[in-house]
Amino acid sequence: MGDRSTLLETGRFVRSGVESGREAEKGAQTVNAQTALTDADFADEAFVEADVASDAELEARHRVAADKGDPGAMSVLGALLLRRGDLAGAEPYLRGATAEGDRAAANNLGVLLHQRGYPDEAAGWWRVAAVAGSAPAAHALGRHYRERGDEPAAEYWMRQAAESGHALGAYGLADLLEHRGDKGVERWFRAAAEQGHREAAYRLARHLRKGDPVEAEQWYRQAAARGHRRAALHLGALLEARGELKEAGRWYLTSAKQGEARAACALGFLLRDAGDEESAAAWWRRAAEDGDGNAANALGALHAARGETQTAEKWYRVAMDAGDHNGAYNLALLCAAQERTAQAEQWYRRAAYAGHREAANALAILLLQGGDAEGAEPWFSKAAEAGSVDAAFNLGILFASRDEDRTALKWYERAASAGHTDAALQVGIALVRDGEERAAERHLRCAAGGGSAEAAFRLAALLESLAPPPEPVALGEPAGGAARTESEEWYERAAEQGHRRAQVRVGMLAAARGDLAAAARWYREAAEAGSRNGAFNLGLLLAREGNEPEAALWWTRAAVAGHGRAALRLGLLAARQGDLNEGQKWCVRAMELGPAEVSERAGRLRDALAEELSA
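Each number in the numbering used here comes from the position in the sequence shown (counting from 1) with 10 added on.
The set of hints was computed from the structure by calculation and includes no laboratory data. Among these hints, one or two may not hold up.
Dumping the calculated SDA-like pairs for lysine to any residue here, alpha-carbon to alpha-carbon at most 20 Å [as the list claims (entries may be wrong)]:
id	residue 1	residue 2
1	K256	R282
2	K595	A618
3	K420	A463
4	K420	S391
5	K324	A347
6	K324	R296
7	K324	Q353
Predicted model only: the values in this text are computed from it and were never measured.
Please take these sequences and the hints and turn them into a complete structure.
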């Protein structure tokens with residue numbers, strides 16, 4: 011049946027031959043730990059002799075009586091020899107006591123036979139003891155049947171042990187029920203945990219962690235205090251999530267010292283966040299050497315940030331060897347940063363084939379940048395179907411570039427529903443184009459709220475277009491006295507984020523209120539950022555203030571950037587200053603740039619200047 015190393019769970023041994031039945035059973039309870047179903051550490055802890063006498067004293071005390079045929083003495087002596095590993099010496103005493111009806115001896119005889127490799131005969135004696143009321147024997151018999159795949163029989167005997175108050179029986183029953191997805195799991199884990207079974211306490215906490223996190227924490231604490239390293243790990247994670255970093259670090263340290271690599275990794279992150287990179291690296295190294303891929307990746311990232319690319323690559327490879335596909339992805343990023351494109355593609359592919367969705371998205375981008383749109387599409391699709399929001403957005407861009415707007419919109423909507431700001435913007439733009447203003451407003455609000463300046467500008471423009479016309483200013487009221495509208499607030503938000511068209515619009519609204527200083531500030535910001543409309547409007551303000559030389563500089567910048575009205579203004583300014591050739595040149599430029607009204611006026615001015623020159 012497997013591992014034969016753990017023999018007995020021993021309480022107080024019987025003291026006289028007249029003690030039998032349940033009292034004798036108390037003297038020689040048994041447990042075998044042949045599979046992972048039993049918390050082996052718990053069984054080890056159960057090897058505590060309640061009496062102050064040593065085994066040698068007990069043996070001497072009972073051997074004389076046992077040799078005279080006393081059943082109780084034979085049972086106790088057989089149990090002592092069995093625990094010592096003297097199977098040959100124990101067997102005749104256990105068989106003798108069993109023949110006299112001692113159920114504890116029958117149970118221990120089953121343990122002995124199991125260790126000798128006779129599981130079926132062992133099961134027979136366990137059945138004898140279990141039928142006589144031995145909970146440990148019922149538990150052992152239940153495990154025997156479970157290992158043979160007979161789950162109904164296993165449940166029957168495990169339940170007999172559990173209902174008799176046997177901790178390992180309760181744990182075994184809970185484990186079986188959980189394996190089958192049956193009810194009652196929590197009840198039996200609790201029954202075992204309440205008797206000090208640390209693995210049961212840990213698994214009970216796992217069951218409770220979503221429904222009752224407060225009680226779950228209590229059981230994690232109990233299991234961790236008894237040396238359960240995974241319980242200490244989960245307790246640390248719970249405390250870290252709550253912001254109690256100091257205590258979390260203590261439990262991570264406890265777990266890490268017991269050999270839990272994940273705890274060492276988590277402790278490394280806590281230390282890094284506290285500014286102690288050297289200690290963090292030491293714990294990550296310890297975890298990585300124990301096979302934790304996440305710790306190896308963290309070490310790789312640490313060395314990559316220091317520019318130690320060779321060391322970073324080594325740790326990323328360690329992560330890959332540990333089965334962590336992030337290692338291949340990170341290695342690809344490292345190669346891409348060094349413009350080792352072929353190697354980057356190789357590692358992206360490795361991670362992508364292993365199901366790493368962001369690697370699939372990155373591989374598709376790499377292929378697209380290389381001109382292989384057909385090769386990129388399936389990788390974008392694979393990443394998007396796996397849940398990559400960026401890949402869904404990128405598919406939208408890909409289909410939009412092919413003028414497949416309906417398909418593009420489908421992928422934009424998918425990404426937008428997952429909170430992708432740029433995707434929400436694209437959906438909003440498409441809906442505005444289709445005349446669905448209210449639906450567009452919802453998406454633009456999401457994108458603007460996510461920090462998109464373009465979305466804030468478009469939302470402002472949409473709200474402005476949907477707003478009723480302003481009430482006429484009452485006689486005697488100052489112009490611009492009305493409260494700011496929501497559209498103005500969104501324009502300002504976009505402007506503050508550096509959006510040039512929003513800056514121009516905010517400037518125009520300020521000018522309309524008569525706040526020329528604010529208007530000039532916003533126009534200047536937009537113009538200096540390259541906005542030709544901002545440059546043109548700033549020129550108008552400067553000209554109005556009598557500063558035509560600076561106005562001409564801004565109009566020139568706007569005209570060179572393709573602003574027809576700015577070119578016409580320069581033509582008019584030159585004509586007024588008597589520079590007819592310069593005026594004609596700007597008129598021709600204005601005619602080329604338009605729009606139609608500007609072209610017509612520039613044409614008339616050019617003709618007038620030409621007549622003046624020929625006169």
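Hint by hint, here is what the structure shows:
With a CA separation close to 14 Å, the supplied pair K256 and R282 stays within the 20 Å bound. Under the criterion of a C-alpha separation no larger than 20 Å, the hint pairing K595 with A618 is consistent with the structure, at around 13 Å. This hinted pair does not check out: K420 and A463 have alpha carbons roughly 23 Å apart, beyond 20 Å. Simply put, K420 and S391 have alpha-carbon atoms about 13 Å apart, close enough for the 20 Å limit, and the pair holds.
In summary, the hint linking K324 to A347 is supported, as the alpha carbons are separated by about 16 Å, within the 20 Å threshold. For the proposed pair K324 and R296, the alpha carbon gap of about 15 Å is at most 20 Å, so the pair holds. Between the alpha carbons of K324 and Q353 the distance comes to roughly 15 Å, so the proposed pair stays at or under 20 Å and holds.
Going down the numbered hints, you'll see the structure goes against just number 3.
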